[in-house]
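Colleague: I would like the entire structure built from these sequences, with the hints used as guidance.
When the sequence shown is numbered by our numbering, its final residue is 527 and no position is left out of the sequence of numbers.
Bear in mind the hints are in silico, worked out from the structure with no lab data behind them. Ideal Cβ placement from N, Cα and C applies to all residues, glycine included. There's no promise every hint is true.
What the hints assert, rightly or not - Once the Cα atoms are required to be at most 16 Å apart in a straight line, the calculated EDC-like pairs of lysine to aspartate or glutamate come out as:
| hint | residue 1 | residue 2 |
| --- | --- | --- |
| 1 | 132 | 142 |
| 2 | 132 | 240 |
| 3 | 186 | 202 |
Claimed, not checked - Okay, the calculated beta carbon distance ranges per label pair:
| hint | residue 1 | residue 2 | range |
| --- | --- | --- | --- |
| 4 | 140 | 55 | 18 to 26 Å |
| 5 | 472 | 187 | 53 to 61 Å |
| 6 | 346 | 478 | 41 to 49 Å |
| 7 | 488 | 43 | 52 to 60 Å |
| 8 | 86 | 29 | 22 to 30 Å |
| 9 | 187 | 66 | 17 to 25 Å |
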Amino acid sequence: MDRTDLDPQVAALLSDPATYGTGVTVTRLDTHASVVFLAGDRALKVKRPVRYSYLDYSTLARREAACRAELAVNAPFSAAIYRRVVPIVRTSDGTLRLGGSGEVVEWAVEMHRFDESKTLDRLADAGELPDGLVHQLAEVVAAGHARMPEVDAGAWYDALASYADDDRATFKAHPELFAALDAARLADATDAALARAQALILDRGRRGLVRHCHGDLHLGNVALVDGRPLPFDAIEFDPLIASGDVLYELAYLLMDLIARGRRRSATELLNQYLFATGRDDDLDALKALPLFVSMRAQIRAKVNAARRALVQGDAAAAAGADAVRYFRLACVAIAPPPPRLVVVAGLSGTGKSSVARAIAGRLAPLPGALVERSDVERKRLCGVALTDRLPAAAYTPALTAEVYRRLAARAGRALRAGHSVVVDAVFARAEERADVAALAAACGVTASCVWLEAPLEVRLARVAGRRLDASDADTAVVAMQENLATGPIDWPKIGADGPLEAVVARAAAAIGV
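Modeller: Set out below in structure tokens:
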């Protein structure tokens, strides 16, 4: 159907500034399934009377149900955006009015209008996606998932397999975009990964981790509202399409960031999400992440291939280029190299955490490595917030040994799931360093370790300038560490007293990434 399928009287009413009060300009936005009218601080979204293979808005009753479903499915993520479902009525004199009593001729979802320039896709492309915002996004998504209902994992797994079949058919139908050999290899790798992941997905379903989620959680569907990232436009027309393993949903955001050249942000998002949920079970599920990221990219490749056939000129060329770009990302994601164990060690104030996070974004599989930080694990063990300061009793040799044991256990789970790990800790004792080699051997992976060094005055200045950090180390701790008996350290020593970029480059060269 074309743009004129909305009732002309309804369109005229919602296009009229007088409908919303004085001094507003109305902007109309059209999609294949809806029309949105932006006016002042309000947005009115009306469903088109259309029917497609995957949605049916063909009757007034169906459109009302869809509006109410949209309000319900978006509430867990963005209640601050979605206000109400409002009728458009015909009054006794035959005119139309927004709300009130009368014959209902149409339904609309009323939303709080946000700044369209503040969606996260635009912020990412502009380089305006700081770590703090990425961390907020992880927490919002984790909290939203916790509120969503559980669904049948078997039905969703079958749907996932059907998506893979559909992707395969699309790639085969477009040899001008997707090389036949590459498409066949991708299809075979996807089938194998699906088979390997089946038992895991069904088990996660039993654990309540396959849920009715947002369903379309890419960066363009997250807006910055009052300084907080809020997902919007969740799928309401098909619960199965909106369902999935919570990590499959997260994988859409991860893939979107990677595709936009923001791999480090994607790594931050993954790590903060895992911290926000606090589920150790998710470490085992990392074995399915290459499949999830690849399938998200495959679907975007398929969609862009289909879009290319519907547009012309530059738009068609851009759609084709995007299809190829996503296809290549899918091929890379589905076949990661073996995982690696990396250790970034050194005394307090040497910049371990900054270097570890930077290195993590360079390791496979996509988006990057799990970061295990001793300061964070100690706070988790003691049951306090990251920025709460712990007493001296939390730093006894016995408790410190337990922290290192837990770091090794979590790292081992991730490594056995095929995911690389960066461990960020002091490793002052020879026994702690020896345990790294034992962990790597037990997991069948390569260990690459570096020891960061910086002059005392540099370390003192760094810890004095810390704010809202998980580390409890202060200048007194730094001074005390000068007398630590570390014994011989045979790990490569990296000078850490220069600019962070230079330190990261030296550490990366020593590690080989």
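Colleague: Indicate, hint by hint, whether the structure satisfies it.
Modeller: Hints, verified against the model:
Restraint check: the Cα-Cα separation between residue 132 and residue 142 comes to about 10 Å, which is no more than 16 Å; the hinted pair holds. For the given pair, residue 132 sits about 10 Å from residue 240 by alpha-carbon distance, which is consistent with the 16 Å threshold. The suggested pairing of residue 186 with residue 202 holds, with an alpha-carbon distance near 13 Å, which does not exceed 16 Å. Between residue 140 and residue 55 the beta carbon distance is about 24 Å. The supplied range of 18 to 26 Å therefore holds.
Between residue 472 and residue 187 the CB atoms are about 60 Å apart, so this pair conforms to the stated range of 53 to 61 Å. Here the CB-CB span from residue 346 to residue 478 is close to 43 Å, well matched to the stated 41 to 49 Å. A hinted range of 52 to 60 Å holds for the C-beta pair residue 488 and residue 43, which are about 53 Å apart. In this structure the hint that residue 86 and residue 29 lie 22 to 30 Å apart at CB holds, the actual value being about 28 Å.
Between residue 187 and residue 66 the beta carbons are some 20 Å apart, a value that agrees with the proposed interval 17 to 25 Å.
Every hint, counting from the list given before, is met by this structure.
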